[in-house]
Amino acid sequence: MTAEVESSETKTDYKQIMKDGLWDNNSVFCMILGMCPTMAMTTSATNGLGMGLATAVVMAASSLLVATFRNLITQEVRIPVYILIVAAMVTLVDLMMNAWMHELYKVLGLFIPLIVSNCLPLARLEAFAAKEPVLPSLVDGLFMGIGFTLALTLIGAVREIIGSGTLFADASLLLGPAFKVMELRIMPADTGILMAVLPPGGFLATGLLLAGKRILDLRAGKAISMGGAHSV
Amino acid sequence: MSGPAIFADGPLKHAAILGSFCMGFGVVLAVTYIVTADAIRQRSDDDKRASLDQVIPAGLHDNNPLTDTLTLPGHEGKPVTVFRATRDHKVTALAYEIIGSGYAGEVRLMLGVDAEGTVLGVRPLAHKETPGLGDKIEPAKTDWISRFTGLSLGNPPVGKWKVKKDGGQFDQFSGATITPRGVVGAIRGGLEFFAANKARLVETR
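The listed protein sequences correspond, in order, to chains A and B.
Numbering of the first sequence is given in the numbering used here, commencing with residue 11 and proceeding in unit increments.
Numbering of the second sequence is given in the numbering used here, commencing with residue 66 and proceeding in unit increments.
Since the hints were derived computationally from the structure, they do not count as laboratory data.
Errors might be hidden in some of the hints.
Unchecked claim - Which residues of chain A face chain B? A partial, calculated answer using Cβ under 8 Å: (1) Thr84; (2) Val87; (3) Leu105; (4) His112; (5) Leu114; (6) Ile172; (7) Ser174; (8) Leu204.
Claimed, not checked - Calculated cross-link-like contacts (lysine to any residue; reagent style SDA-like; alpha-carbon spacing at most 20 Å): (9) Lys78/B with Pro90/A; (10) Lys223/A with Met28/A; (11) Lys116/A with Leu137/B; (12) Lys193/B with Asn128/B; (13) Lys206/B with Leu177/A; (14) Lys116/A with Ser211/B; (15) Lys206/B with Pro90/A; (16) Lys229/B with Ser211/B; (17) Lys113/B with Leu204/A; (18) Lys78/B with Met28/A; (19) Lys116/A with Asp111/B; (20) Lys206/B with Met45/A; (21) Lys227/B with Val267/B.
Only a predicted model underlies this, so the values are computations on that prediction, with no experimental measurement involved.
In this text, a Cβ means the ideal position worked out from N, Cα and C, and glycines have one as well.
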């Protein structure tokens with residue numbers, strides 16, 4: 011097992027795995043996966059950040075487990091086993107945060123059970139962790155999660171600035187009192203365009219940002235990959 | 066796929082694999098649940114105490130209202146758990162949860178009243194109202210919710226316990242009438258609950 015991991019490590023391009031997760035194959039802006047939490051939870055940058063971080067933790071843990079057991083899991087039962095692993099990780103995170111990180115749980119607690127309904131962790135388990143060694147899978151899960159976090163925070167920031175006139179409101183509840191400086195008021199209260207924080211604003215902001223990323227990629231001369239879950 | 070398929074690569078093997086994973090993670094979850102159960106109960110009590118402290122002033126009681134509870138049938142027979150604050154064994158204040166119907170589902174609030182049925186305070190516990198409109202019931206957003214403190218069923222008269230749009234005396238928000246209507250209705254219902262059960266609520270035990 012160890013020998014196998016070491017030999018493939020020399021071949022694995024970690025830089026590309028990270029870059030895929032953050033930009034080239036970003037979960038939201040390329041694979042268009044995990045749209046339910048993306049639309050529902052991005053009414054503020056802080057909410058997007060919280061949802062993203064919780065998802066990243068679950069993705070890293072479940073990728074690690076699936077890669078570890080990948081030779082044991084047969085093709086026929088792999089999907090139920092993946093669902094089981096994701097659901098178990100979500101429940102573990104939920105229980106442990108509730109008990110030992112209660113202040114954070116009060117802010118994030120709402121988001122954690124929603125991770126089970128996100129198809130993104132499942133897609134990465136199937137497309138990556140099921141075939142690759144432990145360490146690359148962990149890196150993939152983690153960086154796909156971080157890419158998801160960045161996308162959600164960005165969408166949340168756009169919607170929050172336009173809709174509420176603030177940026178990172180209540181971030182100190184999520185990250186601790188030291189982050190109070192992050193909480194900005196960009197426009198006076200009650201001047202925001204409410205639609206931005208309502209569901210239509212989620213579609214508009216996500217669509218415009220997605221188009222923006224395509225334009226940047228085109229400018230950079232890259233071929234646009236309509237990457238599905240299976241193009242790794 | 067060679068040989069007697071049922072054991073080598075057949076359904077039993079897959080069932081055994083899936084079953085082992087279920088068993089393994091079941092055990093992990095059970096252990097985590099046992100380890101965290103006490104801490105979670107403790108945190109949940111702390112949260113409840115914090116919400117009680119907001120509607121019952123600390124100087125009013127020398128007991129722990131969280132453990133001095135009474136369950137009575139409320140609106141439509143639903144049980145209501147009443148937290149009783151006592152000083153020198155006399156009931157000084159009561160707190161219980163009230164539920165209004167908002168724009169997006171239930172608005173749950175904690176209502177605190179004194180032994181005469183005067184509102185000591187109201188705080189929203191959970192709601193899904195529209196951000197920027199209905200969420201003005203939160204004390205962090207506006208002070209709207211504090212206007213109920215000191216009022217009772219006779220002050221204003223029962224007929225005036227409505228939002229202005231319905232002929233009552235309470236302001237709605239611009240752009241949101243349904244949320245304040247639900248909240249005002251819930252508070253009125255909570256005070257009627259007190260009036261109907263006053264004898265049992267304030268009796269000395």
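task = For the pair we were handed, Lys193/B and Asn128/B, check the Cα-Cα distance against 20 Å.
result = 34 Å, violated
request  = Compare the distance between the alpha carbons of Lys206/B and Met45/A with 20 Å, and conclude whether the hinted pair is satisfied.
outcome  = Violated - the C-alpha atoms of Met45/A and Lys206/B are around 29 Å apart, more than 20 Å.
message = Just to be careful: measuring from the Cβ of Leu105/A to every Cβ in chain B, is the smallest value less than 8 Å?
response = 5 Å, holds
key: Evaluation of the interface hint that places Leu204/A against chain B, nearest CB under 8 Å   = 5 Å, holds
query = Does the structure keep Lys227/B and Val267/B at a Cα separation of 20 Å or less?
reply = 27 Å, violated
message = Between the alpha carbons of Lys206/B and Leu177/A, is the straight-line distance 20 Å or under?
response = This hinted pair holds, its Cα atoms lying about 16 Å apart.
request  = Starting from Lys206/B, check that the Cα of Pro90/A is at most 20 Å away, please.
outcome  = 45 Å, violated
ask   = Does Val87/A pass the interface hint, meaning its C-beta sits closer than 8 Å to a C-beta of chain B?
value = Since the shortest Cβ distance to chain B is 4 Å, the answer is holds.
request  = Take a quick look at whether Lys116/A and Leu137/B sit within 20 Å of each other, Cα to Cα.
outcome  = 29 Å, violated
inquiry  = Given a cut of 8 Å on the nearest C-beta pair, is the interface hint for Ser174/A held or broken against chain B?
reply    = This interface hint holds because 7 Å falls under the 8 Å limit.
Ile172/A as an interface hint toward chain B, with CB separation required under 8 Å = Violated: closest Cβ of chain B sits about 12 Å from Ile172/A, beyond 8 Å.
request  = Below or equal to 20 Å on CA atoms is what counts here, so check Lys229/B against Ser211/B.
outcome  = 17 Å, holds
Comparing the model with each numbered hint stated earlier shows that hints 5, 6, 11, 12, 14, 15, 17, 18, 20 and 21 do not hold.
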